[in-house]
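Visitor: Going down the list, the protein sequences come from chains A, B, C, D and E.
All letters in the first sequence, in the order written, are residues 1 to 155 by my numbering.
All letters in the second sequence, in the order written, are residues 1 to 445 by my numbering.
All letters in the third sequence, in the order written, are residues 1 to 282 by my numbering.
All letters in the fourth sequence, in the order written, are residues 1 to 333 by my numbering.
All letters in the fifth sequence, in the order written, are residues 1 to 666 by my numbering.
What the hints contain is simulated information worked out from the structure, not anything from laboratory work.
Note that the structure is a prediction, hence the values are computed from the model and not measured.
It is possible that part of the hints are untrue.
[Unchecked claim] Here are the computed lysine-lysine pairs in the DSS-like style, where the Cα-Cα straight-line distance is at most 25 angstroms:
no.: 1; chain 1: B; residue 1: Lys117; chain 2: E; residue 2: Lys534
no.: 2; chain 1: E; residue 1: Lys357; chain 2: C; residue 2: Lys209
no.: 3; chain 1: E; residue 1: Lys471; chain 2: A; residue 2: Lys45
no.: 4; chain 1: B; residue 1: Lys370; chain 2: D; residue 2: Lys23
no.: 5; chain 1: A; residue 1: Lys45; chain 2: E; residue 2: Lys623
no.: 6; chain 1: C; residue 1: Lys209; chain 2: E; residue 2: Lys534
no.: 7; chain 1: B; residue 1: Lys232; chain 2: E; residue 2: Lys359
no.: 8; chain 1: C; residue 1: Lys209; chain 2: E; residue 2: Lys623
no.: 9; chain 1: C; residue 1: Lys143; chain 2: E; residue 2: Lys623
no.: 10; chain 1: E; residue 1: Lys413; chain 2: C; residue 2: Lys209
[Said to hold, decoys possible] If we take Cβ atoms under 8 angstroms as the criterion, some of the chain A residues that face chain E in the derived model are:
no.: 11; residue: Lys11
no.: 12; residue: Leu46
no.: 13; residue: Cys49
no.: 14; residue: Thr132
no.: 15; residue: Gly133
no.: 16; residue: Lys135
no.: 17; residue: Arg137
no.: 18; residue: Ala140
The beta carbon of each residue, even a glycine, is placed where N, CA and C say it ideally should be.
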Amino acid sequence: MAGRMDAPPTKVVRLVQLGQWDAAMRVESIWQCVSCQTCSARCPKLVDCAGVMDALRQLAFERGAASPAGRAVMVFQRAFLENIRRYGRLNEIDLIARFKGEVFLKSRSLAFLFRDAGLAGQLHKRRKLHLTGEKVRDRAVVERIFERAGAGGAA
Amino acid sequence: MSGSNGFEPKIVAFVCNWCTYLGADLAGTSRLEYPPNVRILRLPCTGRIDTNLVVKAVEGGADAVLVSGCHPGDCHYNAGNYHARRRWMLFRELLDVLGFDMRRIHFTWISAAEGRKFQHVISEITEQTRALGPWRAYEAKAEIDHRGGLVGQAVSPATGRAGPAPALQAPAPLAEQELRDLARRLLGAGDVKVVIGYGAAGPVFVTKAADVERLVWNEGCQANLTTYLKRKEVRALGKPAVVVKGCDERSLVVLEKESQIRREDVRVIGMACDGMGQEKCAACDTHEPRFADERVGKAGGQGGKPAARYAAVEAILAKTPEERLAFWSAEFDRCLKCYACRQVCPMCYCERCIADKNRPQAIDTSPHRKGNFAWHIARAMHLAGRCVGCDECTRACPAGIDLRLLNLTLARAAETQFGYRAGMDPAAEPPIGAYSLQDKEEFIR
Amino acid sequence: MNFGYYPGCALHGSSDDYEQSIRACLGALGIKLEEIDDWICCGATAAHSLNHKLAIALPARNLALAQRQGCAEMLAPCPMCSGQLLRAGQALASDAALRSEISSIVEAEVNDGPRVLNIIQVFERVGLKALSDAVTKPLKDLKPACYYGCLLVRPPAVVGFDDAEQPQSMEAVVAALGAKPVDWNYKTECCGAGMTMASPETVLELSGKILANAAAHGANCLVAACPMCHVNLDMKQAAIQEYSGARYDLPVYYLTDVVGMALGLSASELGADRHFVLAREA
Amino acid sequence: MSARISREDLRKLVAEWLAAGKKVFGPVRVKAGLELYAPLDSAEALLLDGWIRPANSIKELVFPRHEALYGYRILKNRVELVDLAAEIPEQIAIGAHPCDAAALAALDKVFNWDYRDEFYNRRRAATTVITMACAAHDDQCFCTSVGLGPEAERGSDALLHERDGGYEVRAISEKGRILLGGLAGETACPTAQTSGANTPPRRFDSAQVAAFAKEHFEDPYWAERALACLGCGACTFTCPACHCFDMVDEGNGREGVRARNWDACQFPMFTLHASGHNPRANQGARQRQRIYHKFVMYPDKFGEVLCTGCGNCSRNCPVGLGVLPAATEIGNG
Amino acid sequence: MSRIGVFVCWCGENIARTVDVDQVAEACGEMPGVRCAQNYKYMCADPGQAMIREKIASERLDAVVVASCSPHMHLKTFRRAAAAAGLNPYRLEMANIREQCSWVHHDKDRATEKAIGIVRTAVAKVRYNHALSPIRVPMTRRAMVIGGGVAGIQAALDIADAGYEVVLVEREPSIGGKMAGLSETFPTLDCSQCILTPRMVEAGQHPRIKLYTYSELESVSGFVGNFEATIRKKTRYVDMAKCTGCGECQKICPLKRNPSEFDFGMGMRPAIFMPFPQAVPARPVIDKKVCAKIVRNGCGLCEKKCAPGAINFKDQDELATERVGAIVVATGYKLYSIGREQPSAKTTGYGEYGYGKYKDVIDSLQFERLISASGPTNGELKRPSDGKIPQSVVFIACVGSRDNAKGLPYCSKICCMYTAKHTMLYKHKVHSGEAHVFYMDIRAGGKGYDEFVRRAIEKDGAKYYRGRVSKITEENGKLIVRGADTLAGVPVTVETDLVVLASAMRPADGVERLAQKLNIGCDEFGFLMESHPKLRPVETNTAGVYVCGACQAPKDIPESVAQASAAASKVMISFSASELTREPEIARIDEQTCAACFACERTCPYHAIERVELRARNGDLIKRAARVNQGLCMGCGTCVSVCPSKSADSEGFTEEEVYAMVEALA
């Protein structure tokens, strides 16, 4: 991934070493990181680069400092968590609807809204489209877990 | 200059020749002033500084003791300080349970370059001790909480001193018959010359197949018979078979490790046991013998609660140091120096006990309080990492001193600090005689 | 042989073909799966990106449920899930304070959770020899590129499985089926994973490279063990081909598909007929 | 004519003695299952029932386990002795058993035979022994086999008999009379003269024990009998009549004390010569010595056995040995 | 009663200013056992010493205490003076009233009181001091050197040239070590073999060097001055005496394609082989794992061909015994073997570089052989896979070194230099080629070293990237190296023909076992421990055993050679007398009271405890006991502390002495 990044992981880690948190959390790379863990696995000095990326994303999320391009990622992940908070398990249709809807509201991009829409039919054909997602029985406990973990208002 | 009360503490410092002594010399060459209350005793290495010496200094009226040597990795003799560190860890646990004032026993690493550190350490210890006042370690009022005491005392039915707690489950008569048959077979075949077992009134030494009916197996079989393996009168009888329970068997592991027996020279008859109603039985996890050559019976009971193994230690640690010292003073004041604890212990096999060595007399022979503290401290330290918890010392003590608590203290330290339980794993390295670079030293300045 | 079973959201969602495959294949091997009752989502990337505590709490809840259910070993076929479960388990094992905090958060005592297994480890439990003996239709013509992706082997400290850089365990399984795995270079490269939705171009580019390398090394299919990888390589294959202009038409199987086929199960029994790229009839 | 005292009054009496600065020793319960003779810090501590026999004896009153005899100072080229003699306060043993009291009579002979031991005698003179006749016995009691009984008077200054929730009190010696004054009667309690449930059966004939010991001095019996013996001093130290001691100097090179401590014939070191030779080379010889001393040597010299049948040696032996099992074996013909 | 003399020193004003020396002397005069107590201005000066000697004679003193400075300052001085007066020197003690009293206190009364206390402890102790005599240990003036690389050869030649016999043990068939296989050496680029082979020949022919090649140390017993080494001579199947080294056997051997150990698998050798043409001794050895005669009783051509009849298939391992007084360990290093074997189980080593998978990914020593004029390609650089001359080579530094995650945290020290050398040698051979270097830092401390690296970059045009390589893949015969250029902040991909990994240096195989045999220490990576990193860099904590070369830490040739000469000179110092005198202040064990628990044996840092059996005249075993080996014991006294019966005691600090001191404080 590093090739596509505005700042390679070394630079992100360097910023963190220097305590320049604000700069670090505004770097695009943290949103491009796909958490493949390769950097962590290869670092000779045991730096958990992927973990650093996680931490920065979390920081950016808390401070509302996500870069413009990172917003989509963030919106998706927030939608994901909200989805789990509500159902306990992932409800794909609901997730996609919320995600697309939210991005559309912000970007007004119809192309984005309908991209992949063609897949729906194909998924349906393959019996992979589940319009009613699963829910766990004890949803209240999920709600409480989110509450206690400080993620009550996940979305 | 001196405190308002005019009290000048006496500080005894045991230091190694190569680091701390030179550090003290450097403080001198650098003219770094410190209070003159300290007396420095030079030994080659912290490895040489026996814990008995510290006790002797306290007996002699030291108000605080410092033991100091080379930093880890700097020992002139490679590893003397590592060995010392490990002993100190155990020693401190013991003194703490005895209620000694731990604010007066100090350990440091001071290198030859740390004259300033030496100055600071001595100044601090002197001031701190001045504030504490004189150390009256042996003047505590002997006190025992009569309402139940600290730990209940289960007393042997063999000695009849008190009614024992009932055994968890009466040993099966079947096992007794099986044991006798086995003994008859072993003696008859000439495999062994003597079977050391339990009799109706105490240990019996069966040398003839015809006498096997003398062997019993009942809830009175508390003794750890492995102690007889050290006695020359018994050794003279020829190859023994010894009847053990799972707990007693652990002493064989230690004895073999310490070259006292060769396993092939002893036939071990292991008795499955559901408990003999002793305190130790509550936390027993060795109902079944593990290493025995012959096994008799099968334990029906369930395992003890290992969590409760050290409950007694934790109970006494919940008391204040003053209460602990008062308790032990009362306990030791009853000590007669009859040495039943030593004689009955399978691990006390020295031909000449340190208590019987009189040049020098490291431990006063008199059964007064100092002499009794010194004896029981030395004994506990000698059993550190070796005691298998058979509690024979407690059972044998005619004065009812709670000796098991001392041994448990160090067994607990050995398990928590070094992950070692004596006699459990023949392959495990005993904690004394070994060391680890990772040994804890947060108590060392 | 019994295992606890944590399917995870994907296998109960659009990747239910994977679950179908797992159940059919393991069933044929006589393995029983005991699904964790009322399991919840592991939190996936979103939790560990956004809330560290949640990233431990969600898997911890599942570990606690599994423990309550008395299961000693638990299959979590999705590497994302198994990674999250393993990571949480390790964090809890090493920190008593955290353990008590999380226990109260998730309203269940977490002590020694079950050992979490991936699908390859389940086959290793069966034994390659036993597996090979059970084969009725050796897959002689199959030249798969075994694709591990990221999370099956990384981070090594968490998953502790196979060699993180040159893994061989999946090859060993398919070889036991009579197939001839190809040696290739991209078996642990990332497919784009969680970016399927958020950054589709990333997926097209990364997954494209994987398909290209597999094809270049003579593979006639890919074998994967991750629902997300499967989505990116299979469902998106058409888009990838459009994006890159190359044609691969490589069927992407789950590991359980190929094992099942070798055991004589049909594609429809395994759900392999529900993939996007279907095998050309030989 | 005997007198009676209630339990309450007995405690009151003890409290008076304590208040008067007298040292009072009596049975106390140290912990569950362990009774010892010990100094009473209050009259309430005195244990009046629920026990058979304390695990120690009252010999400590007159022959302490550790006694500093005198001090010394080392000067440049000579040694100076320091008198440590302190006033011995009046001390009273109350509730001791006849087997304890009788032992004091035996010790009196040892410490006043060829040499009058001033340390012993000072303590003995200050001591009054108020014995309590036994109300019960256990399997280890055998006073009747050594010429004593649950109401024996030897060594006692006064004797209490438990009766009807109180005690019959009888003075035996002048000391007892002085201490108890009008409380004590002069005659034996007639009702207590019977050998009832408190009397242990006769287990052996001590003359036969002596005869066997003399005739079988070199017999392998002793070695076999002693196999279980571990060589500790539990038997001798808890025996009311054993009285061997060791002399030690304790000090620091400049000053110190010379003291005597109890010693035990069961210790291998007891007879170890400086040369390394040990005339009692094995535990059999040491066990034999204990029987021999009690049943042969002491009687030869003083005309009575040095055993009062209290059974403490067997009770305290960790391995079930002691006088009783041995004497039962050899003292029944 | 003792007759102790106490001598209180003023040290000019140093002591007398703060301590009332008259009062001290007076107080000492009253202490038990003190015969006379005097004070004097400078006890260490001649008149002071004369006073001590005079009093020892006139007062017939049997012990002396000098109250002055630290024993570390003058104990030897005063003990010599006492000895001169006929008093056993160990009957003299010092009381340190200067460094530990007058110099650190101001209050004269209290300082004086403390000084009296200090002297009192010394007086109490000296009463019990034993009269001791130095322990004399015979010195076998003969050395053993383990390892025949450049360090071992240097040490052996130095010691032999000084006139002592040397036993040189090498486990490979030839001496020469790693250096014999190197191409050229930095920073001078002189030919490695050209400088080493003459030294090898010299060692091989030296009248005082006894060579054991293809041999390993089996065991060592004894102690300094008196080691007995057992050496296993491995089966060679060639009679060294009969063989002329003609080489006919190698020519006729049909099994020629066995990977050459000397070439690190880059070349092939027959089943009967000399590792390289200049081998010393120039005698072949048969590889029993491949030889057809040995494996399946076939072939036997060499035996038939050998004119002198030197081939002996019945040959067996032999054990030889050598008595030596000193041992030098020079076992050298090996490389971190990427992807195959790791220093600890928790590391997984560099699968991403494809070493062992891609033939054209090789390590630095393999590259040395490929580029060496005497190598398998005769100096022509051909890559292993297809023999093509690589037009581009990527060098990766720090493979294993400085890698906490999957390698070793330490710096291997020489890789920066040899990598620069490699780029130069490559560029000199393939002028049009491109040399790429990925590095973390350049460490080139040394004479002419940094200049050398700059030359590689500036003159020979090697491209240096500061960054790590993430992954290497192979595509169509090219290696795709993906890495980072952290200075530019961009990822870099290089298509190349050959990759050379500068693998970390690790101690040679089996060094831990060897260390155990010799009772010397290893650090956590297996490098042998020196006694002191600065002041005793070639000594170990076992007297008489020395270390040099890369077995102690990564180092280059000049350093190894310098250290070898240092070790040799230490050996020669110990050989300067026929007896070794050791301080008698060591441990002893009372065998009568010893309970034979051997706690001391487990604890002794010097393995100085021996087990002995005490037997009666008729041979019956009386008892077992521990005994101190006087040659090994260093006198730390750790055994005393662990001895439950205190049967162990330490001379100079006996239990009696120490307790007397503690009691004197009461």
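Visitor: If a hint holds in the structure, say so; if it doesn't, say that too.
Guide: The hints, checked one at a time:
no.: 1; hint: B:Lys117 <-> E:Lys534; verdict: holds (23 angstroms)
no.: 2; hint: E:Lys357 <-> C:Lys209; verdict: holds (21 angstroms)
no.: 3; hint: E:Lys471 <-> A:Lys45; verdict: holds (17 angstroms)
no.: 4; hint: B:Lys370 <-> D:Lys23; verdict: holds (24 angstroms)
no.: 5; hint: A:Lys45 <-> E:Lys623; verdict: violated (57 angstroms)
no.: 6; hint: C:Lys209 <-> E:Lys534; verdict: violated (55 angstroms)
no.: 7; hint: B:Lys232 <-> E:Lys359; verdict: violated (71 angstroms)
no.: 8; hint: C:Lys209 <-> E:Lys623; verdict: violated (78 angstroms)
no.: 9; hint: C:Lys143 <-> E:Lys623; verdict: violated (74 angstroms)
no.: 10; hint: E:Lys413 <-> C:Lys209; verdict: violated (39 angstroms)
no.: 11; hint: Lys11; verdict: holds (6 angstroms)
no.: 12; hint: Leu46; verdict: holds (5 angstroms)
no.: 13; hint: Cys49; verdict: violated (11 angstroms)
no.: 14; hint: Thr132; verdict: violated (44 angstroms)
no.: 15; hint: Gly133; verdict: violated (39 angstroms)
no.: 16; hint: Lys135; verdict: violated (42 angstroms)
no.: 17; hint: Arg137; verdict: violated (42 angstroms)
no.: 18; hint: Ala140; verdict: violated (43 angstroms)
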